[in-house]
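Top line first, the protein sequences correspond to chains A and B. Residue numbers for the first sequence follow the working numbering, so the first one is 1 and each next one is one higher. Residue numbers for the second sequence follow the working numbering, so the first one is 1 and each next one is one higher.
Hint data in this document are derived by calculation from the structure and do not stem from the laboratory. This structure is a prediction, so every number in the text was calculated from the model and none was measured. Watch out, some of these pointers could steer you wrong.
What follows is a list of derived Cβ distance ranges for each label pair [said to hold, decoys possible]:
1) A83/A with A157/B: 23 to 31 Å
2) Q232/B with Q49/A: 54 to 62 Å
3) I84/A with A157/B: 22 to 30 Å
Quick reminder that beta carbons are idealized off the backbone N, C-alpha and C, glycines included.
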Amino acid sequence: MFGLGPEDWQAIRLTFRLCLYTTLILLVIATPLAWWLSSGRSAVRVAVQAVVALPLVLPPTVLGFYLLIALGPRGFIGGSLEAIGLQHLAFSFEGILVASVLYSMPFAVQPLTEAFNNLGRRPVEVASSLGAGPIDRFVSVILPLTRGGFVVAATLTFAHTIGEFGVILMLGGSIPGETKVLSVLIYDHAEAMNYDAAHRLSLMLLVFAFFTLFLVYGMTRRFSVARL
Amino acid sequence: MPRHVVALFASIFLALPCSALAQKFTVAAAADLRYALDDIAVLFRDAHPDHTFNIVYGSSGKMTTQIMNGAPYDVFFSADIAFPKRLQAAGLTATEPTVYAIGRIVVWSTVMDASSLSLQDLATDARIRRIAIAQPTHAPYGMRAQEALVSAGLWAAVEPKLVFGENIAHTAQMVESGAAEVGIIALSLALFPRLAEHPHRLIDDALHQPLTQGYVVTQRAAGNSAAVRFAQFMRTEPALEIMHRYGFVLPR
Chain A
1 MFGLGPEDWQ AIRLTFRLCL YTTLILLVIA TPLAWWLSSG RSAVRVAVQA VVALPLVLPP
61 TVLGFYLLIA LGPRGFIGGS LEAIGLQHLA FSFEGILVAS VLYSMPFAVQ PLTEAFNNLG
121 RRPVEVASSL GAGPIDRFVS VILPLTRGGF VVAATLTFAH TIGEFGVILM LGGSIPGETK
181 VLSVLIYDHA EAMNYDAAHR LSLMLLVFAF FTLFLVYGMT RRFSVARL
Chain B
1 MPRHVVALFA SIFLALPCSA LAQKFTVAAA ADLRYALDDI AVLFRDAHPD HTFNIVYGSS
61 GKMTTQIMNG APYDVFFSAD IAFPKRLQAA GLTATEPTVY AIGRIVVWST VMDASSLSLQ
121 DLATDARIRR IAIAQPTHAP YGMRAQEALV SAGLWAAVEP KLVFGENIAH TAQMVESGAA
181 EVGIIALSLA LFPRLAEHPH RLIDDALHQP LTQGYVVTQR AAGNSAAVRF AQFMRTEPAL
241 EIMHRYGFVL PR
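Next up, chain A with everything else stripped away, as it sits in the complex (with noise of 0.2 Å):
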């Protein structure tokens, strides 16, 4: 279909994996956090926004090089775990899922921030007071009134864990099935001169980003509307 081999179907599958992992354990990470720092003004609150923004100024390279030594055998996280039996994280899938979570944690966190700001507190201490417990505030309460915030957080996460790159080529090692994510596909198809292969695969992302792109921006405009 469309001209693609197996070869890039299979980095089609994993990038999707990849994304809907990162996803996933993103929302279930920045909620807490985005509501936390949501909550208040202290200094420690602003430095931990300040370390969560640091991918969006970090040159992937530098994330890409502190990973691969934190991660491999002889790094603290990678060491531990083989300490402990396990296989460091360098060159595998759960080591770029790792780096994905990190990289792509500010298009998480700050659409939530934003999100509960707006929402305030007035609505939950309403809902306390009429009973409600943690989760019945959430499920009921805040998750309605700021689903505009999740589904621009979970789009752009997922969106933009397509688009890394630098991290997963340092850290990820080219393995088909496993690390070699579309971006890094393209990469090789270009280096190649395969740029047949290259162009189907970067038609495809480039309608793939417009789209989502275009969805979160009607999202955004349809939620703030609805406020008014």
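Keeping the supplied structure of chain A fixed, place chain B upon it in accordance with the hints.
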């Protein structure tokens, strides 16, 4: 604007192109030359202090693609003469592709004694979980590593353990970090003093096509005497001696 400021700017803009055109050039070189060519560049700078040049390292396939798409490289040292020949066929060269050395591949490791490792061990040794080679689709050292493993009948057994470096220096770095237990890298990198602390084992060159390394002066440097001089410098005695020290077999 005060007149002298205008004059200053004018002199900068007028002066730059003339001096730059005369003696400035950029060298694109295969990553296996990273250490050898750096040493040779020092000698060349001593001999020709008036020339300014930069060396860019990468995989030969990548640099060929870049030159085909207009990269401003004046001399190209490839790890495989097939790439300069491809540029010649595309009409992008000013000189005949010329052989400057034959490269060799070795098994290398920083976590085990590679000098006692056979190719067979790469498939069977349980300590080896990851084997780094350069990307065979565009890096000549990766192609030769693949050929050697295929000729030895080991490709299917080692394939699940393979990780791929973007070029041969990146491959060496994957091994150096310890994240891949062993790698198949260029002898010229394994002989660099800091990396040579760890032993290597030469791979029988009957198992793969020769790494016939070739250089070419590109079309854009046709009139650039400094670039041509640098290319010719590779065939002088001091340069050949450095190449020899890094394990390259010299032509003729």
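Do the hints match the structure? See the list:
{"no.": "1", "hint": "A83/A with A157/B: 23 to 31 Å", "in the structure": "holds (29 Å)"}
{"no.": "2", "hint": "Q232/B with Q49/A: 54 to 62 Å", "in the structure": "holds (58 Å)"}
{"no.": "3", "hint": "I84/A with A157/B: 22 to 30 Å", "in the structure": "holds (29 Å)"}
In this structure, every one of the numbered hints holds.
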